[in-house]
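Construct the complete structure from the given sequences, taking the supplied hints into account.
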Amino acid sequence: MKAARSARDTILRQPLTNRISHWLIALSTFALIVSGLGQMPMYQRYKIAELPGMAWAADFGVTLWLHYIAAAVLIFAVVYHLVYAVLTRRFAIMPRKGDMKESAKIIAAMLGKGEEPDSHKYLAEQRIAYAFIGVNTLVVILSGIIKVYKNLPAIQLDPALISLTTLAHNVSALLLTIGIVGHLAAFIFKVNRKLVPAMFSGRVDREYARTRHSLWYAEHDEREQPLSEELDRAA
Amino acid sequence: MSRREFFARSALGGMAGAAVLAAPSTAFAATAGPGALGTLIDLSLCDGCGACVDACRTTHADRYPRPVEDIPVNWPTGKYEDWQHMAEATDRLTPYNWTYVESVEVDGATVHVPRRCMHCDNPPCANLCPFSAQEKTAEGAVVIDPDACLGGAKCRTVCPWHIPQRQAGVGVYMDVAPGALGGGVMYKCDMCADLISEGGQPSCVSACPTGAMQFGPKDEMRAAARQRADAIGGYIYGADENGGTSTFYVSPVPFSEIDAAISERKASMPEAERISVPGMAPVTENFLDGTEGALKTIAVTPFLGVAAAAVAAISTFKKGADR
Chain A
1 MKAARSARDT
11 ILRQPLTNRI
21 SHWLIALSTF
31 ALIVSGLGQM
41 PMYQRYKIAE
51 LPGMAWAADF
61 GVTLWLHYIA
71 AAVLIFAVVY
81 HLVYAVLTRR
91 FAIMPRKGDM
101 KESAKIIAAM
111 LGKGEEPDSH
121 KYLAEQRIAY
131 AFIGVNTLVV
141 ILSGIIKVYK
151 NLPAIQLDPA
161 LISLTTLAHN
171 VSALLLTIGI
181 VGHLAAFIFK
191 VNRKLVPAMF
201 SGRVDREYAR
211 TRHSLWYAEH
221 DEREQPLSEE
231 LDRAA
Chain B
1 MSRREFFARS
11 ALGGMAGAAV
21 LAAPSTAFAA
31 TAGPGALGTL
41 IDLSLCDGCG
51 ACVDACRTTH
61 ADRYPRPVED
71 IPVNWPTGKY
81 EDWQHMAEAT
91 DRLTPYNWTY
101 VESVEVDGAT
111 VHVPRRCMHC
121 DNPPCANLCP
131 FSAQEKTAEG
141 AVVIDPDACL
151 GGAKCRTVCP
161 WHIPQRQAGV
171 GVYMDVAPGA
181 LGGGVMYKCD
191 MCADLISEGG
201 QPSCVSACPT
211 GAMQFGPKDE
221 MRAAARQRAD
231 AIGGYIYGAD
241 ENGGTSTFYV
251 SPVPFSEIDA
261 AISERKASMP
271 EAERISVPGM
281 APVTENFLDG
291 TEGALKTIAV
301 TPFLGVAAAA
311 VAAISTFKKG
321 ADR
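Each protein sequence line maps, in turn, to chains A and B.
No gaps in the numbering here: position 113 of the first sequence is 113 in the working numbering, and each next residue is one more.
No gaps in the numbering here: position 264 of the second sequence is 264 in the working numbering, and each next residue is one more.
Derived by calculation from the structure, the hints in this document are not laboratory data.
Hints may contain errors.
[What the hints assert, rightly or not] Listed below are the simulated BS3-like cross-link pairs for lysine-lysine, each with C-alpha atoms no more than 25 Å apart in a straight line:
(1) A:105 / A:47
(2) A:121 / B:319
(3) A:97 / A:113
(4) A:47 / A:101
(5) A:121 / A:101
(6) B:296 / A:47
(7) A:194 / A:101
(8) A:121 / B:79
(9) A:121 / A:47
Below you can see the structure in the form of structure tokens.
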């Protein structure tokens, strides 16, 4: 009965596949930022390596190795995410025309000015955030691959290309980090917090979806998971 | 097991077993680029006169650091590296002295060893610089850009000989957040990149009065070093070290004994200064040895991603059809 009640009160927002790719990307990116800062080099300079259990952070061999492993995981997850989206034609998160204007309205509404426009599965600002994080992730991956390639013994790339690649890698990594901070900062606003369970259980409050993502909720309700069916499964 | 062995043998290498990266094996062989040049240093001919050091100092005097008077103290370490008091020292590598002659006693005889950057085939210093402030030229010279270097000194850590030396109070970090970010500029031998790109020779080689130093096409220098080592029953250093370098030492005595004598001298120095005296131990590994395995693994992952996405998509379609 408890499960049935829960299914009635919530709806599936992020299927398992989305949650897996999100967390693989999140964790590998976190490892890449940590190890990348180690390559800067920052941990000895700022005495972080002197903290208990952090001595490894000053070892460039260890942080480079960690960077490569995490990069492999990130590339896997990004390719998986993109190919799956294309194969299943799921583009709800791709930015649309007018998203900038619409997201200004949403932010104004959150600050108590005006009404929030009806939204699809993602708010306009979420689609913009996705594009910002996505583009920087692609730049950081492509420049990173060139940076690894140049480390091969027989490879000597043009110094101008190396400089440009390094600049692209550092700038995109910085922008990506800012993007992630922004992504997390969204949860400072209480109105956004109901989305948090979507990335754990996959489900969000049904009432929240109905009011804040009305367009998605309408489609979802008629097409994907009729409530009765969902209840049958849960029971 | 050393750190680099751990690196090389890590899961990266193992996973790469079934690599799809069908690169020809020659692409990974240590070869010199076109126009690569090298130096032969014959210790049996060096009398330690120091002409090479004088010439180097004259040639590079205008590139030595000119730090501010009040050098900012680095937060939070409370330290900074300042070699101004040793600007005249010619018995070690400093930001103010990019080559020197190490004179050591081996079996009762004095051996003079001119020291400077080896200019590696695959330089970890340049490859791992987070700001690409170092480059390797077509001639094989590894050159630091003093206008891009922030003085993090990672290059010195990853160099097996710790050749680059840091001077604080100078460079681009002074314009950003001195004390809070960066630490100065790294300095080292640049193989007289300006001179050699115009067909000239490094000033140390031109100045050598005994012919102990020769400079020319790298393959020829390597071959000449082998020939000379065979002729005197001597030893070679630099041909295989760190995956190969542009500097080939020939010595009548084993380099292990030279290294032992250098270690003895270092032990008598204050600890902070030891970094200015490079050893001559065999260097069988390069910091970047794990790169091939890493790249092969990275090359495999997109295929795994596509395969996993295809499986997931099929499962999604099936679920949809069931409904």
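Which constraints among the numbered hints does this structure fail? Numbers only, ascending. 1, 4, 6, 8, 9
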